[in-house]
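K.L.:
Chain by chain, the residues run as shown.
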Amino acid sequence: MNTPRTLYDKHIDSHTLCPLDDDGHVLLYIDRQVLNEYTSPQAFSGLREAGRTVWRPETALAVVDHVNPTAPQRIAAMPDEGGARQVSYLAENCRDFGIELFDVLDKRQGIEHVVAPEQGFILPGMVVAAGDSHTTTYGALGAFGFGIGTSEIEHLLASQTLVYKRLKTMRVTVEGRLGLGVASKDIIMALIEKIGASGATGYAIEFAGSTIDALSVEARMTICNMAVEAGARGAFMAPDDKVFAYVKDKLRAPKGEQWEQAVAKWRELKSDEGAVFDCEVAIVATAIQPMVTWGTSPDQAAPIGARVPDPAGEADPIRRRDLQRALDYMGLEPGQRLDGIAISHAFIGSCTNARIEDLRQVAEVVRDRRVAAGVRAMIVPGSTAVRAQAESEGLAEIFLAAGFEWRQSGCSMCLAMNDDVLDVGDRCASSTNRNFEGRQGAGARTHLMSPAMVAAAALAGRLTDVRSLSLEA
Amino acid sequence: MEPFLTVSGKAAPFLAANVDTDVIMPKQFLKGIDRSGLDRGLFFALRFLESGAPNPEFILNRSAWQGAKFLVVGPNFGCGSSREHAVWGLKQLGIRALIGTRFAGIFYDNCQRNGVLTIQLEEDELRELGRLVGQPESNRISVDLPAQQIRLQDGRAIGFRIDALRKEALVQGLDAIGSTLRRAEQIRAFERRHLQENPWLA
Ligand code: SF4
Numbered sequence: 002m003n004t005p006r007t008l009y010d011k012h013i014d015s016h017t018l019c020p021l022d023d024d025g026h027v028l029l030y031i032d033r034q035v036l037n038e039y040t041s042p043q044a045f046s047g048l049r050e051a052g053r054t055v056w057r058p059e060t061a062l063a064v065v066d067h068v069n070p071t072a073p074q075r076i077a078a079m080p081d082e083g084g085a086r087q088v089s090y091l092a093e094n095c096r097d098f099g100i101e102l103f104d105v106l107d108k109r110q111g112i113e114h115v116v117a118p119e120q121g122f123i124l125p126g127m128v129v130a131a132g133d134s135h136t137t138t139y140g141a142l143g144a145f146g147f148g149i150g151t152s153e154i155e156h157l158l159a160s161q162t163l164v165y166k167r168l169k170t171m172r173v174t175v176e177g178r179l180g181l182g183v184a185s186k187d188i189i190m191a192l193i194e195k196i197g198a199s200g201a202t203g204y205a206i207e208f209a210g211s212t213i214d215a216l217s218v219e220a221r222m223t224i225c226n227m228a229v230e231a232g233a234r235g236a237f238m239a240p241d242d243k244v245f246a247y248v249k250d251k252l253r254a255p256k257g258e259q260w261e262q263a264v265a266k267w268r269e270l271k272s273d274e275g276a277v278f279d280c281e282v283a284i285v286a287t288a289i290q291p292m293v294t295w296g297t298s299p300d301q302a303a304p305i306g307a308r309v310p311d312p313a314g315e316a317d318p319i320r321r322r323d324l325q326r327a328l329d330y331m332g333l334e335p336g337q338r339l340d341g342i343a344i345s346h347a348f349i350g351s352c353t354n355a356r357i358e359d360l361r362q363v364a365e366v367v368r369d370r371r372v373a374a375g376v377r378a379m380i381v382p383g384s385t386a387v388r389a390q391a392e393s394e395g396l397a398e399i400f401l402a403a404g405f406e407w408r409q410s411g412c413s414m415c416l417a418m419n420d421d422v423l424d425v426g427d428r429c430a431s432s433t434n435r436n437f438e439g440r441q442g443a444g445a446r447t448h449l450m451s452p453a454m455v456a457a458a459a460l461a462g463r464l465t466d467v468r469s470l471s472l473e474a
Numbered sequence: 035m036e037p038f039l040t041v042s043g044k045a046a047p048f049l050a051a052n053v054d055t056d057v058i059m060p061k062q063f064l065k066g067i068d069r070s071g072l073d074r075g076l077f078f079a080l081r082f083l084e085s086g087a088p089n090p091e092f093i094l095n096r097s098a099w100q101g102a103k104f105l106v107v108g109p110n111f112g113c114g115s116s117r118e119h120a121v122w123g124l125k126q127l128g129i130r131a132l133i134g135t136r137f138a139g140i141f142y143d144n145c146q147r148n149g150v151l152t153i154q155l156e157e158d159e160l161r162e163l164g165r166l167v168g169q170p171e172s173n174r175i176s177v178d179l180p181a182q183q184i185r186l187q188d189g190r191a192i193g194f195r196i197d198a199l200r201k202e203a204l205v206q207g208l209d210a211i212g213s214t215l216r217r218a219e220q221i222r223a224f225e226r227r228h229l230q231e232n233p234w235l236a
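As they're listed, the protein sequences go chains A and B.
In terms of this note's numbering, the first sequence opens at residue 2 and continues consecutively.
In terms of this note's numbering, the second sequence opens at residue 35 and continues consecutively.
Just so you know, not all the hints are guaranteed correct.
As the list claims (entries may be wrong) - Think about it this way: if two alpha-carbon atoms lie no more than 30 Å apart in a straight line, the pair counts; the simulated DSS-like pairs of lysine-lysine are:
1. B/Lys65 - A/Lys108
2. A/Lys195 - B/Lys125
3. A/Lys169 - B/Lys65
4. A/Lys271 - A/Lys256
The hints are simulated quantities; they were obtained by calculation from the structure and are not laboratory data.
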């Protein structure tokens, strides 16, 4: 009998050309990659300098998402010289090397990790690498995705392979029903808080259990997306009928007989009974509350009902100093209640939480209500297609009536590489994935939470429990 | 790539946990299409005051650690964004190796691909090293990659582990793409079979 294997083993085994040593390095075949304008230029320059070509251009897709403005009126021109140069160099590279590009004015444009699944570019069983850490998102589709740097992009473009070291495996099992007002974002935030920002460093995480099974494919993407904030170099989930239904009508999905053949094969994509993981973590869904971050690392998070921790309670001097530094940066006092922290901005966007379901949840919270005076609230849809969908469903009208800005798609204030930048001291409730110092602007303060929680904060003008809001209604 | 054999120089402690690549290389330095000028951006908010003058408090600006070739860093250094600009900046400022306990995965690979050595020590070893290099009189070390040793000024040595494959690439300064492309035939053969078995991937 064969040794039971994890789904991770199956993904890696089926894509391994050959082992390279006894330490777990293999030459790994990569099925797809997604390119953006800011991590790819030097990779293309490297190819040009060495006179190399792209191995299989049709396996790459390029999207402009990081530097483009998101003002409601879309124009082709970039507002700054650097961004303009990156966008035009990407176009030049795609043209010269034969890679498909979704430019700013393209109807299919959007954040790479929203666009690629939407276009059916990612299918179950694929191994995907891309020059962006949130490539882990594709785990939700039964693919295996991981982020790489620019040198690796070049290696991948040139050879369709990467020199890859096998990871250890962690299984996170989530069981039980989520409470009302608790989202998949809260599951992943609770996990990161529990195991720490490097708790899964060196691991690929499989998410399993009845709670995960009950989630929609989009809600699962949020979890896989943010797994990297716990240090995971890849996330995976066994694909099920929901995934097959999600993929089925997509443009690039297999059709007819090939579809049947593919699904039959995809059904095998699960960890075998008795497969052993290097680490197991269990999470009880009923215990999860809506989460918010209070610090400058995604693991510095707590349920909305909690208080800001006290550095004095930390025995380790380096950790005490880190904690104090986080509170100083965030302008918070030990013991302060999280519920009630006043905000100046609310941002709904990013590859973590700007899909159509996220926007529907936001609409439910803000319908017939108004954004608090003094709060600038923005919604930046994950893709141009999501924007169109939201408009056809009447969501955009709800947002505008509530006082939200309804913008074009892009990464926007998730990393503030375009002109959507916060000022020193601004405080933002954000549906994004990173609360690092300066992430949304130098000196700006970010509190991560679910889209519904951001919506609630926008209405209240302060961090607040979205569940209290629905009770009042 | 410049081979890494034995490198000697000052080591600077920078022990905060979870130092992310946004802090190492902030966004305003990511707008290029080449690798130039990233030494200026490195740790920008920490290294420079609002006036643009060097922040005298920052470790790499203090005279005893100026020109350091090594950073002794806290856990999960390099977490966050995949931006390789962070490593290019470190390299341009003259950093040859980072010594820590646990590095973020993408950052770790990015270092390797640029000839910047990452050394992983046990927590107590790192703590002791951090203490030593935090004092100007004992902040010079030698890193001998072929022997897998960090040598201290007092004559002591700390051994470290590194995968043979990584070591060889660094010691020889190998071009990874060139090495892989020598297997082009093998890649093509694998690809043919893979696409035959999974025709929807073609
Ligand atoms: S939305 Fe944010 S996290 Fe996602 S790809 Fe863009 S910048 Fe990266």
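K.L.:
Of the numbered hints stated previously, which ones are contradicted by the structure, given in increasing order?
P.N.:
Numbers 2 and 3 - these are the hints that the structure violates, sorted from lowest upward.
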